[in-house]
Structure formats: structure tokens, C-alpha cells
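Student: Spelled out, the chains give:
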Amino acid sequence: MKIIVCVKQVPDAKDVRLDPETNTLAREGVQSIMNPYDQHALEEAVRLKEQLGGEVTVLSMGPPQAEDVLRQAISCGADHGVLISDRAFAGADTWATSYTLAKAVEKIGEFDLILCGKQAIDGDTAQVGPGLAIQLQIPFVTCIQRVREADEKELVMERMMDDGYDVVAVKYPALLTVVKDLNEPRVPSLKGKMRSKKAKIAVFSAEDVGADASCIGLAGSPTQVVDVFPPPPRGERAMLTGTIDEQVAQLVEKLAVYL
Amino acid sequence: MLIVDNDLCVGCGLCEDNCAFAAIEVVDGLAVVGDTCTLCGACVEHCEVEALVLEGAEKNVQMDLASWSGVWVYCEFRAGVLASVSLELLGIGRKLADARGVELSAVLIGSHTEETAEKLIAHGADRVYRADDPALSFFTDEAYGAVMTKLIREHKPEIVLAGATAIGRSFIPGVANSLGAGLTADCTQLDIRDDDGALLQTRPAFGGNIMATIVCPHSRPQMSTVRPNVMKALEADATRTGKIIDVSLDPAMLETKVRVLESVISEHDDVNIQESDKLVGGGRGLDSEKGFELIRELAKSIDGSVAASRAVVDSGWIGYPHQVGQTGKTVAPKLYIACGISGAIQHVAGMQSSETIVAINRDAEAPIFNVADFGIVGDLFEVIPKLISTIEGRRKS
Ligand SMILES: Cc1cc2nc3c(=O)[nH]c(=O)nc-3n(C[C@H](O)[C@H](O)[C@H](O)COP(=O)(O)OP(=O)(O)OC[C@H]3O[C@@H](n4cnc5c(N)ncnc54)[C@H](O)[C@@H]3O)c2cc1C
Ligand SMILES: Nc1ncnc2c1ncn2[C@@H]1O[C@H](COP(=O)(O)O)[C@@H](O)[C@H]1O
Chain H
1 MKIIVCVKQV PDAKDVRLDP ETNTLAREGV QSIMNPYDQH ALEEAVRLKE
51 QLGGEVTVLS MGPPQAEDVL RQAISCGADH GVLISDRAFA GADTWATSYT
101 LAKAVEKIGE FDLILCGKQA IDGDTAQVGP GLAIQLQIPF VTCIQRVREA
151 DEKELVMERM MDDGYDVVAV KYPALLTVVK DLNEPRVPSL KGKMRSKKAK
201 IAVFSAEDVG ADASCIGLAG SPTQVVDVFP PPPRGERAML TGTIDEQVAQ
251 LVEKLAVYL
Chain Z
1 MLIVDNDLCV GCGLCEDNCA FAAIEVVDGL AVVGDTCTLC GACVEHCEVE
51 ALVLEGAEKN VQMDLASWSG VWVYCEFRAG VLASVSLELL GIGRKLADAR
101 GVELSAVLIG SHTEETAEKL IAHGADRVYR ADDPALSFFT DEAYGAVMTK
151 LIREHKPEIV LAGATAIGRS FIPGVANSLG AGLTADCTQL DIRDDDGALL
201 QTRPAFGGNI MATIVCPHSR PQMSTVRPNV MKALEADATR TGKIIDVSLD
251 PAMLETKVRV LESVISEHDD VNIQESDKLV GGGRGLDSEK GFELIRELAK
301 SIDGSVAASR AVVDSGWIGY PHQVGQTGKT VAPKLYIACG ISGAIQHVAG
351 MQSSETIVAI NRDAEAPIFN VADFGIVGDL FEVIPKLIST IEGRRKS
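Chain order of the listed sequences is H and Z.
By the numbering used here, the letter at position 81 of the first sequence is numbered 81, and the numbering carries on one by one without gaps.
By the numbering used here, the letter at position 127 of the second sequence is numbered 127, and the numbering carries on one by one without gaps.
No lab work stands behind these hints: they were computed from the structure.
Where hints are given, some of them may not hold.
Claimed, not checked - Stretch by stretch, here's where chain H covers chain Z in the computed footprint (C-beta under 8 Å, at least three residues):
| # | region |
| --- | --- |
| 1 | 14-26 |
| 2 | 209-221 |
Stated by the list, open to error - Within a straight-line C-alpha distance of at most 25 Å, the following computed DSS-like cross-link-like pairs (lysine-lysine) qualify:
| # | chain 1 | residue 1 | chain 2 | residue 2 |
| --- | --- | --- | --- | --- |
| 3 | Z | Lys-386 | Z | Lys-334 |
| 4 | Z | Lys-290 | Z | Lys-150 |
| 5 | Z | Lys-290 | Z | Lys-329 |
| 6 | Z | Lys-257 | H | Lys-254 |
| 7 | H | Lys-254 | H | Lys-2 |
| 8 | Z | Lys-278 | Z | Lys-243 |
| 9 | Z | Lys-243 | H | Lys-254 |
| 10 | H | Lys-171 | H | Lys-49 |
| 11 | H | Lys-198 | H | Lys-2 |
| 12 | H | Lys-254 | Z | Lys-334 |
| 13 | Z | Lys-150 | Z | Lys-300 |
| 14 | Z | Lys-386 | Z | Lys-95 |
| 15 | Z | Lys-257 | H | Lys-49 |
| 16 | Z | Lys-243 | Z | Lys-95 |
| 17 | H | Lys-254 | Z | Lys-95 |
| 18 | Z | Lys-290 | H | Lys-254 |
| 19 | Z | Lys-257 | H | Lys-153 |
| 20 | H | Lys-171 | Z | Lys-386 |
| 21 | H | Lys-200 | H | Lys-153 |
| 22 | Z | Lys-232 | Z | Lys-95 |
| 23 | Z | Lys-386 | Z | Lys-396 |
| 24 | H | Lys-254 | H | Lys-107 |
| 25 | Z | Lys-290 | Z | Lys-232 |
| 26 | Z | Lys-150 | H | Lys-254 |
| 27 | H | Lys-2 | Z | Lys-232 |
| 28 | H | Lys-107 | H | Lys-191 |
| 29 | H | Lys-2 | H | Lys-191 |
| 30 | Z | Lys-257 | Z | Lys-243 |
| 31 | H | Lys-254 | H | Lys-49 |
| 32 | H | Lys-153 | H | Lys-254 |
Unchecked claim - Pairwise CB distance ranges (calculated):
| # | chain 1 | residue 1 | chain 2 | residue 2 | range |
| --- | --- | --- | --- | --- | --- |
| 33 | H | Leu-52 | Z | Ser-111 | 30 to 38 Å |
| 34 | H | Lys-153 | Z | Pro-251 | 49 to 57 Å |
| 35 | H | Pro-230 | Z | Asp-7 | 24 to 32 Å |
| 36 | Z | Asp-28 | H | Gln-51 | 51 to 59 Å |
| 37 | Z | Lys-156 | H | Lys-107 | 40 to 48 Å |
Where a beta carbon is used, it is the ideal one built from N, C-alpha and C, also for glycine.
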């Protein structure tokens with residue numbers, strides 16, 4: 001089994017917020033982390049490798065520092081890391097990102113399965129996984145919450161739906177996006193950490209992967225951000241006072257329209 | 001490229017403060033752009049001396065934008081049920097279509113859709129494209145995507161909306177990618193720009209800490225998924241008329257590589273918390289699975305559904321479909337009552353756009369009170385039973 005896992009380095013959400021007083025972004029010591037959903041995608045890939053044999057390649061598009069998440073992935077059981085990094089990728093929306101990742105996948109070569117997180121917690125779009133599958137012309141299934149059976153040919157899985165779940169089967173090659181419920185990611189082993197320190201990360205530029213300049217970065221992005229602003233402030237909060245009975249009575253009054 | 005005009009830059013540092021990616025820094029009195037820049041434009045917006053410019057490399061291919069016309073809404077239909085977000089989309093779709101002076105069309109895909117097409121017309125559609133076939137009774141990205149892509153290619157609508165639901169957020173990204181169209185995820189506001197009629201798509205990013213407005217300047221259609229419960233549906237008007245068009249389906253289009261073996265609808269009818277307009281969220285303050293029963297009772301007393309923090313889901317008191325937050329669902333109900341939830345940023349990210357938020361927590365310093373409209377500091381084991389009996393008393397009288 002050859003498995004590729006797409007991992008993204010994202011700012012830790014708890015650090016990114018608007019300072020209500022100055023209305024600027026408080027980003028004191030913004031930490032970069034591996035996108036939480038991608039940790040579950042990686043874990044599943046490593047489990048499939050352990051069960052069926054093969055190798056796991058982790059792929060990331062991002063600035064040079066994104067190498068950190070690839071090393072982290074190697075310490076958790078991935079075999080190879082590939083970083084595609086180029087100033088020309090800046091401003092990529094989900095279309096341009098899918099295109100660029102597809103180019104990198106073609107460069108990596110053969111694969112049976114691609115795993116992505118359901119969404120990245122910075123953009124929260126959940127669009128790159130399906131987009132990548134379309135670019136590569138392979139089937140995809142989103143929001144996998146459980147792998148029921150896996151063998152050399154086929155996977156049987158549960159995909160989370162709003163009203164329950166569907167049981168689906170798909171043959172390789174395919175792309176899956178995963179949710180948190182799928183598994184519990186392992187912590188890196190000591191041996192893994194040693195290996196990740198020594199591992200060589202392949203770094204490719206736009207040219208190396210043969211990307212068309214009009215399809216990457218800002219130029220390749222059909223969507224463009226034209227405004228960024230803080231969310232509208234919530235109304236004044238009211239802390240209710242009095243005995244618990246009085247507070248409850250006040251609250252029920254206030255909520256009358258909903259009851 | 002983000003370009004700094006060194007003659008204009010005064011080194012004030014506003015750009016640095018406003019960069020979510022720590023990608024711009026003032027060095028020796030001048031702004032310097034680093035590798036992590038994503039060209040989001042937040043700094044350009046905040047620069048008071050106009051020293052920052054985003055230079056957009058122009059796209060080589062210019063589409064003939066004028067040949068795309070009309071507003072389309074994908075109306076989700078599954079297991080005999082029309083998703084309520086579909087009617088909300090027709091509500092906002094009607095507004096956008098009127099602002100553009102064009103028709104509003106609905107796309108209905110499924111099996112045994114019966115009277116649904118008429119219902120869509122009553123709720124604002126001028127036209128319904130109906131793809132009804134037994135092969136479409138289960139949702140698959142491939143078949144649904146193929147139908148949608150074919151219809152869009154044939155009829156060239158300028159705007160396509162879908163619900164930001166499990167289904168919408170799964171196959172619509174594939175459709176947009178096939179078409180080379182821009183797609184904005186999980187929008188909470190949609191408007192038409194006066195000067196050029198472009199669709200202004202506004203959505204929260206970074207777990208709701210920042211809002212971004214997005215346009216698709218040189219491609220069509222402009223596509224968005226829209227958060228359930230945010231837009232308003234129109235009242236049904238049975239006198240409205242419209243056209244129903246049955247789409248002819250080529251069998252090859254309905255063949256899929258992914259096979260759906262079974263569709264399991266949860267026996268609890270309240271798992272679809274994104275559609276619910278009243279939610280009671282329970283956290284670790286409930287102490288145990290048994291404590292969680294109180295949340296269910298409270299939810300029942302207001303005809304709402306049950307939501308939960310991750311801590312509670314991880315403890316196994318309730319299933320993952322109920323988890324609200326950064327790694328769970330994003331909800332926007334009219335009322336959210338948070339009980340025994342501390343209000344960690346990852347939880348708040350998923351519920352802060354609720355219309356009214358109530359927090360019940362015994363710790364007056366709990367951050368949940370920062371987003372609450374009404375707060376009660378107290379022991380939830382005392383507060384909730386009283387709340388239930390007061391609500392029930394009120395309902396009886
Ligand atoms: C990558 C990542 C993703 C995450 N994603 C999510 C997510 O999607 N959703 C999510 O919810 N969390 C998420 N979390 C976890 C989040 O950081 C918090 O740990 C979690 O939300 C806390 O849940 P809680 O509020 O129920 O528990 P706690 O933080 O333990 O809070 C319990 C609260 O109950 C109060 N309390 C206790 N007893 C009583 C009583 N008798 N009466 C009244 N009040 C009482 C306490 O004062 C306290 O404020 C994520 C974390 C990470 C790192
Ligand atoms: N720059 C990137 N590099 C590698 N993988 C990515 C990148 N962006 C997105 N992905 C993958 O696509 C998933 C969905 O991301 P998004 O569509 O941005 O919410 C993530 O969980 C990753 O698996």
C-alpha cells in the first residue's frame with residue numbers, strides 16, 4: 001500500500017483572536033501546529049500500513065517552516081516527507097491549492113490512497129480534499145468516521161452524515177477526508193523522534209513539480225479576499241442577579257420569545 | 001505579491017499587529033514581508049498610509065462573464081426529507097436574483113421527490129430542475145456531482161448556492177473544482193456589489209475570530225456553501241407559479257466507483273444539530289453521563305436538541321455528531337444554553353454566531369460568560385431543575 005497524507009501547518013486557534021480593546025489581532029507567541037484533523041488522517045494511514053504493509057508519504061504545501069509538521073509526522077510513523085514551497089504559491093485559494101498538491105502527487109508517483117483531514121482549522125473550508133481528488137480524477141469520500149474493513153483492494157468505511165452515517169465501499173485509488181472520531185493519534189515514540197531528526201525532507205518548487213504559473217498562487221485562485229474585519233460585537237451581556245430562583249425567573253422572561 | 005512602498009511606510013506596526021500569520025514585521029522602521037504571507041490582505045486594509053499594495057498577477061484566461069446569468073440553489077433532499085436549509089437558500093437566492101434582475105432556479109436531486117418541486121416554487125423558485133431517479137436515492141459525490149456539473153455547464157448560472165451541510169460541503173467542492181469556479185465555504189452573509197453586480201460572500205475564518213469577504217472577480221459561476229439557520233426562508237405562497245423541468249439522465253452519469261452499502265439514520269432524531277434552532281450544550285460540569293440526562297430534559301422542555309463540548313464527547317457521554325466546536329460542528333441556533341461548559345476558544349468557535357447565548361456555570365470567571373448574553377453563576381444541578389420547572393409552568397399557563 002502506498003499512502004499519501006496531506007498535512008497542513010496552521011496557527012493554533014487559541015492564539016489567534018482579535019483584541020477587543022484595540023481591535024487588532026493579538027498573536028502573542030502564535031504557535032504553529034499540525035492541523036488537528038490531519039493528525040487523525042496520519043494515524044489512520046500508519047495503521048493501514050501496519051496492517052497491510054507499504055509506506056506512508058506526508059505531503060505539505062507551505063513556507064519552509066512547514067518542514068516541522070512533516071518531521072512531526074515522521075516521528076509518528078510516516079516514512080517520507082515532501083514539502084512544496086515557493087513564494088509563487090502565496091495567496092492560493094482552495095482551487096490553486098488542490099491543483100498544486102495534485103502536481104506534487106504526480107511528482108511523487110504511484111499511490112493507492114490519499115488521506116486528508118476534513119478541514120484545516122485556519123480556513124475551515126473542507127474543500128481541498130475533494131478538489132485534489134477531482135484534479136487527480138479519482139473517487140473521494142469525505143468525513144470518514146470509521147474504517148470497518150481494509151484489504152489490498154478495497155476499503156469499507158462509515159462516512160458521517162448530518163442524520164447518521166452511510167456505509168460505503170471503495171476500491172483504490174481513492175481519496176478520503178477524515179473526522180476526529182476515526183481514531184486516537186499516537187504520541188511519537190523515542191525511536192520515531194530520532195528518525196525524524198535524521199530524515200531528509202524533499203523540497204520542491206513550483207517549477208520542480210511542473211506547475212503552470214497561471215494556476216498557482218493568487219493568479220490561479222478564482223476567489224479573492226477583498227475585506228477582512230472583526231466579527232460584529234455581541235450585545236451587552238447581562239449577568240443576572242438575585243437568588244437562583246429570581247435569576248431563573250428573569251432568564252425565562254428574557255427568553256420568552258424562544259419558548 | 002505584497003509590496004511595501006518604502007517611501008510611504010512609517011513603520012507604525014499596524015500591519016504587524018493585524019497579521020494572523022506573523023508574516024509581516026517592522027525592521028528598522030520599515031515593514032518587511034516574510035515567507036508565511038498568504039496575501040490575505042488584512043494588513044493592506046489596516047495600513048493608514050497606504051504603503052501596502054497587493055499586486056494580483058492577472059489571470060491569463062478571461063471568461064466572458066456576461067454570458068452567465070441566473071441564481072441557482074441546490075436543494076438537498078435525502079431519504080424523503082427536504083433539508084430545511086434548502087428553503088433558507090431559496091429565501092436569500094430570491095433576494096439576490098431580484099437584485100440582479102434574473103431568475104431563481106432550484107436544483108432537486110434524489111428519488112421519490114414527489115411534491116417537493118412544487119414546494120420549492122411556493123418558496124420562491126421560478127424554475128426547478130428535477131433529477132429524480134432510483135439511482136439517486138443514496139447520496140454519492142460522483143452521481144450528484146455529475147448531475148450538477150452537467151446542468152451548470154449547460155445553463156451557465158452566474159451564482160450557485162448550496163447548504164453548508166455534510167452533503168453540500170462534500171460534493172459541491174468537487175463540482176466547483178471541475179468547473180474551475182471559485183467556491184466560498186460556510187458563508188453567513190451574501191450581497192450583490194452595486195458597481196459590478198459581483199457576489200460578496202462573507203464568512204467567518206479562524207474559528208470565527210475574523211470575518212472575510214470574498215469575491216470571484218474573473219470566473220463564473222460564483223459558488224458558495226451557506227451555513228444552515230442563518231438565512232431566512234420565505235413564507236410559502238401557493239399562488240406562485242414556476243416551471244418544473246425534468247432533467248434527462250444519461251445512465252453513465254449515474255455510475256459510481258463508490259458504493260453505498262447502507263444508510264443508517266440515527267435513532268435519535270436530534271443528531272442534526274445544525275438544523276436545530278434551539279440547543280442545550282452540556283460540558284464536563286455535568287460530572288457524569290447521568291448528569292447529562294439533565295441536559296436532555298432541559299432540551300426537551302424547550303423543544304431543542306442536545307449539543308456537547310469535546311470533553312463530554314471524549315468521555316463517551318454522547319456521540320461525536322453532537323460535538324460543537326473547532327473539531328466538531330459549527331452551529332448558529334437562535335438559542336444556545338451552555339451548561340457546565342468553560343468556554344474554551346475551540347468550543348466557542350463553533351457556537352458564537354448563535355443569536356442568543358445563555359451560560360450557566362458556577363465559576364464566575366469562566367470564559368463562556370464573555371460570549372453570553374445572559375449568565376447565571378451557580379450550580380447547574382440547582383439551576384437547571386428550577387429552569388425546567390419554570391419553563392414548564394409557563395408553558396402550561
Ligand atoms: C485541537 C483541539 C480541538 C478542540 N476542539 C474542540 C471542539 O470542537 N469542541 C470543544 O468543545 N472543545 C474542543 N477542544 C477542547 C477544548 O479546548 C476544551 O478542553 C473543552 O471544550 C472543555 O470542555 P468543557 O467546557 O465541557 O470542560 P471544562 O473545561 O472542564 O469546563 C467545565 C466547566 O463546568 C463548570 N462546572 C463544573 N461543575 C459545575 C456545576 N456543578 N455547576 C455549574 N458549573 C459547573 C466549571 O466551572 C467549568 O467552567 C479542542 C481542543 C484542541 C486542543
Ligand atoms: N497547504 C496544504 N498542504 C497540505 N495539505 C493541505 C494544505 N491545505 C489543505 N490541505 C489538506 O486538505 C485538508 C482540508 O483543508 P481545507 O480545505 O483548507 O479546509 C486538510 O486537512 C489537509 O489534509
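Student: Does the structure break any of the earlier hints, and which numbers would those be?
Tutor: Per hint list: 4, 6, 7, 8, 9, 13, 14, 17, 18, 20, 21, 24, 25, 26, 27, 28, 30, 31, 32, 34 and 37 violated.
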